[in-house]
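Letter by letter, the chains look like this.
2 protein chains.
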Amino acid sequence: MYRSHTCGELRASHINTEVTLSGWVQKVRDKGFMVWVDLRDRYGITQLIFDEERTPKAIMQQAEKLGREFVIQVTGTVIERASKNPNISTGDIEILVKELTILNEAKLPPFTIEDDTDGGDELRMKYRYLDIRRNPVKNSLVFRHKVAQEVRRYLSSEEFIEVETPYLIKSTPEGARDFVVPSRMNEGQFYALPQSPQTFKQLLMVGGMDKYFQIVKCFRDEDLRADRQPEFTQIDCEMAFVEQEDILNTFEGLTRHLLKEINGVDVAEFPRMTYDDAMRKYGNDKPDIRFGMEFGELNAVAQHKDFNVFNSAELVVGIAVPGGNSYSRKEIDKLIDWVKRPQVGALGMVYCRYNDDGSFKSSVDKFYNQDDLAKWAEATGAKAGDLICVLSGDKNKVRAQLSALRMELAERLGLRKSNEFAPLWVVDFPLLEWDEDTERYHAMHHPFTSPKPGQLELLNTNPGDVKANAYDLVLNGNEIGGGSIRIFDKDTQAIMFDHLGFTPEEAKAQFGFLMDAFEYGAPPHGGIAFGLDRLVAILGGQETIRDFIAFPKNNAGRDIMIDAPAPIDDEQLKELHLKVNMPS
Amino acid sequence: MYRSHTCGELRASHINTEVTLSGWVQKVRDKGFMVWVDLRDRYGITQLIFDEERTPKAIMQQAEKLGREFVIQVTGTVIERASKNPNISTGDIEILVKELTILNEAKLPPFTIEDDTDGGDELRMKYRYLDIRRNPVKNSLVFRHKVAQEVRRYLSSEEFIEVETPYLIKSTPEGARDFVVPSRMNEGQFYALPQSPQTFKQLLMVGGMDKYFQIVKCFRDEDLRADRQPEFTQIDCEMAFVEQEDILNTFEGLTRHLLKEINGVDVAEFPRMTYDDAMRKYGNDKPDIRFGMEFGELNAVAQHKDFNVFNSAELVVGIAVPGGNSYSRKEIDKLIDWVKRPQVGALGMVYCRYNDDGSFKSSVDKFYNQDDLAKWAEATGAKAGDLICVLSGDKNKVRAQLSALRMELAERLGLRKSNEFAPLWVVDFPLLEWDEDTERYHAMHHPFTSPKPGQLELLNTNPGDVKANAYDLVLNGNEIGGGSIRIFDKDTQAIMFDHLGFTPEEAKAQFGFLMDAFEYGAPPHGGIAFGLDRLVAILGGQETIRDFIAFPKNNAGRDIMIDAPAPIDDEQLKELHLKVNMPS
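Line order of the protein sequences matches chains A and B. Take 1256 as the starting number for the first sequence in this note's numbering and just add one per residue. Take 1256 as the starting number for the second sequence in this note's numbering and just add one per residue.
Keep in mind that the hints were calculated from the coordinates and are not lab data. Don't take each hint at face value.
Since the list gives no way to pick one copy over another, a pair counts as held whenever it fits inside one copy or between any two copies.
As the list claims (entries may be wrong) - Simulated pairs of lysine-lysine, DSSO-like, Cα-Cα distance not exceeding 27 Å:
| id | residue 1 | residue 2 |
| --- | --- | --- |
| 1 | LYS1745 | LYS1362 |
| 2 | LYS1650 | LYS1536 |
| 3 | LYS1393 | LYS1472 |
| 4 | LYS1339 | LYS1353 |
| 5 | LYS1652 | LYS1595 |
| 6 | LYS1541 | LYS1672 |
| 7 | LYS1829 | LYS1763 |
| 8 | LYS1652 | LYS1630 |
| 9 | LYS1282 | LYS1745 |
| 10 | LYS1320 | LYS1745 |
| 11 | LYS1362 | LYS1763 |
| 12 | LYS1401 | LYS1515 |
My request is simple: use the sequences and hints to build the entire structure.
Take a look at the structure:
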């Protein structure tokens, strides 16, 4: 038996008990006549004491040689601690050690195993097994476990069934790029790893499973941006005999349950906003509504003066920065530089100070009088002491730019509080979006999303205007879930494929099994999928997902700990009927 | 709103309530003046009634046109049923229909959606979404969900943390063949799909996670035997600071919990048996101990007579078949033919009848007298009325043959009762096993398994005799779980790799990260993995796993529903730097 208790368990009530503990040496303090060791395991830290007078000499000598991260087992007596440590749960006691076994020695770790480590990102990933010993990472993984357990508990109590769908499926050209898996037994053929279990969950609805969920790995072979992983985890859900309202209520229930159980937060009914409103008010389909700073459209009050920059713009739009009038001229210039960075891409920024005395001072005073500027203040909701920032240009671009500015300023102003939760349903997404590269419409959600009732005709005349039964759940400015009510009849599905540029033959080759299934009695159905990595990070009050993934890959898609991917044997390639065709 | 209730919910207490139901048409009985429809969903069946006198004429006409598996929505009043059906939960009531909407029509399904279907295996797999509508498959999937939930609930309550390990890892030549995934971003390199999360769970122990589990898909590119799948699900577990005894107790607890919660069965402490004993008594390392028929070794009593077949054999071994003396000569001849089938491979079988009067009649009476045969009876535990079956030859082969015969006879005798559960720990497995093909030793469990204390030296002299800290959990003749206490120091691990034929360079290239990890303070650890597909099937009283997998692949590794694997585009191949190299 390696231990009688864990390192997080002993209290004053255990005093005089003989105990055996095992763990890692966090710290050694050697005062010659006394040695203190902090012994660590997953559950906490317990102080060990070795003392010239009471500890056998051989053990004392061994203790003096202990290094950081040695794995040891000790037996001793729980005694009251002279100087108690109220910061740790075992702070009232220490162990007077009688026996010590070194279970394993340890080389000096390449970075400190402390909450604030001196290790950089790459080093921590290479020695991820050491990084996981640190509380921030360990606690994130335990937190993730708790969230996943609560998801399962809640959905099971709502009669959802977790069904495992296959990982070795079929490649489809639609959507992102697939990872593929060559088949040895079927020469020249490939499986694909699922980007999501979309078609399988729809088939489960056709199969009468009624309420399905799965916490499942998905795969996308995309060029990685920061904080994207080639493999990621979804909470994938689908329901039969439902309308949008049913889905929204069910998963509002799940999200509220998580906020309550995990964060101890009660949240009121989730507000809903159309996609069009979100774009108009926040320039973004996943607005952070923990704070205001709503967009004020200024075309009516800022155009038709002599300022040509505004006159020629499709959209003139501003926000009021709370207390922003305190910014110096230099700070405002820096802000203008910030919006002109290539990542944001604005050509410039007009600003207007709202002075405490009610007067205005703008960078375009030549063109606008005090009455004009008062209308800007009204449109943006500015109050005395605020700064109004105004951008102009192409509608879509300028909204994205002002949204970036809004988020940046909110961050600087401390308005994005990690312990505050503001969920929001964004509804009525467009069915299609125009893709500049391929010069055709793509499904904004996916090709199985149903258009709003009565809008099927509009597909032929104004495809970009067709709205879908599609919705996103947004939390604190992040899309944590998205879904739709699906098409469930073969004819509508065929029309959709046609509009997405599939020939009937291509549609049949790719999705024939789904269209076949729709002929055998498909029920109305819809669903949603949550990104678990992101959800967990946000509930944990963090912006980045990496610490919530046990073994993440770097931005080149590599696992630098195990050094994967890697070349494989010629023999393996031959068995798979493959040749590597390196670019010259 | 598509429904106010499900089809399994309404009772006599609901009579006179107006309800809306949705579901599939299971059956239509049309008597002209009345039409009855059985409406089905996941939760049950409810009878609908359309009646000339009380149902609007248009609805009545529509009802007459309903076909099997149409998806409909009805609104009506719950009324008392004239002839109650005690076999279904809703059998006291029926719905007098006022409104009927056909939500989707259905072509005639290719097989009947009944508990006993007329569909063959391939047809059912092609239309798996229809097969899932059938109770046997649907209930199996719901059952699987319940088992998985109970596993998670139990392990979480024991402080295990579910950690997701990566799917895109590194190929290793050890063990079974990997599925590989070409990397687009890392030219000419490949990920591998995990055969198990073995090294990652060990690294989690090095990382201090202490108690880990995961219900996880694993992948093996093996030539498929019946009832094997290229992707399968494991309950993967690992613990730190444990000895074998801790692991056995913990997972005996899990298994007992499942048998109690899922099957309502209380099982006594699990017996334990060494591998050597299991082979000697049952010829098998996963003996079914729901019944006796233990092997009796007969070398001492059957050799050194004039029967050369036995004299030249390494092992002469028999079993007593309860009541087998009732077999006719013809039946016994058939049994002899059975053991001579190539799948079993015996050259012949000697038998001995144990007559009710206490006398014996054997097929080798020329060589053995009544006293000799009485000793056979004693060794095999035969009683009057039994038949003793005796095989002889090479020890390992003859044990396997007699084990096959024992299982076959038990099946025929009805001794393998699906509602009886006999778990068994098999312990002290050999560390290594000789591989005839490669003419070297392989790790019987895996290369990280630790030898029994003090047996490391024996590796140099008698490697085949070294026993491991390895154990299997056997249930009703199936291995449902297996694991070991791991090596946790670099030196022992290096010795193991050496004995398995790895050069130090190869070991470093393949497992360098693990051996590195062992230098930074690895705790003693061990674990176990359960095959979930098999476990669920056995708890469900079934022999085959296929109905417990939502979308299984066939014996050629194909998903015949979605037609995968399939060729991919030249463009995709080019992006992956690959050429298909078809055998000519």
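Hint check:
1. LYS1745 x LYS1362: between (64 Å within a copy, 12 Å between copies)
2. LYS1650 x LYS1536: within (12 Å within a copy, 81 Å between copies)
3. LYS1393 x LYS1472: This pair counts as both: shortest intra-copy Cα distance 21 Å, inter-copy 24 Å.
4. LYS1339 x LYS1353: The answer is within: 22 Å in one copy meets 27 Å, while 76 Å across copies does not.
5. LYS1652 x LYS1595: within (13 Å within a copy, 80 Å between copies)
6. LYS1541 x LYS1672: within (17 Å within a copy, 58 Å between copies)
7. LYS1829 x LYS1763: between (32 Å within a copy, 25 Å between copies)
8. LYS1652 x LYS1630: within (24 Å within a copy, 95 Å between copies)
9. LYS1282 x LYS1745: So LYS1282 and LYS1745 pass the 27 Å test across copies only (24 Å; inside, 67 Å).
10. LYS1320 x LYS1745: For LYS1320 and LYS1745, only the inter-copy Cα distance (21 Å) is at most 27 Å; the intra-copy one is 74 Å.
11. LYS1362 x LYS1763: between (60 Å within a copy, 18 Å between copies)
12. LYS1401 x LYS1515: both (13 Å within a copy, 25 Å between copies)
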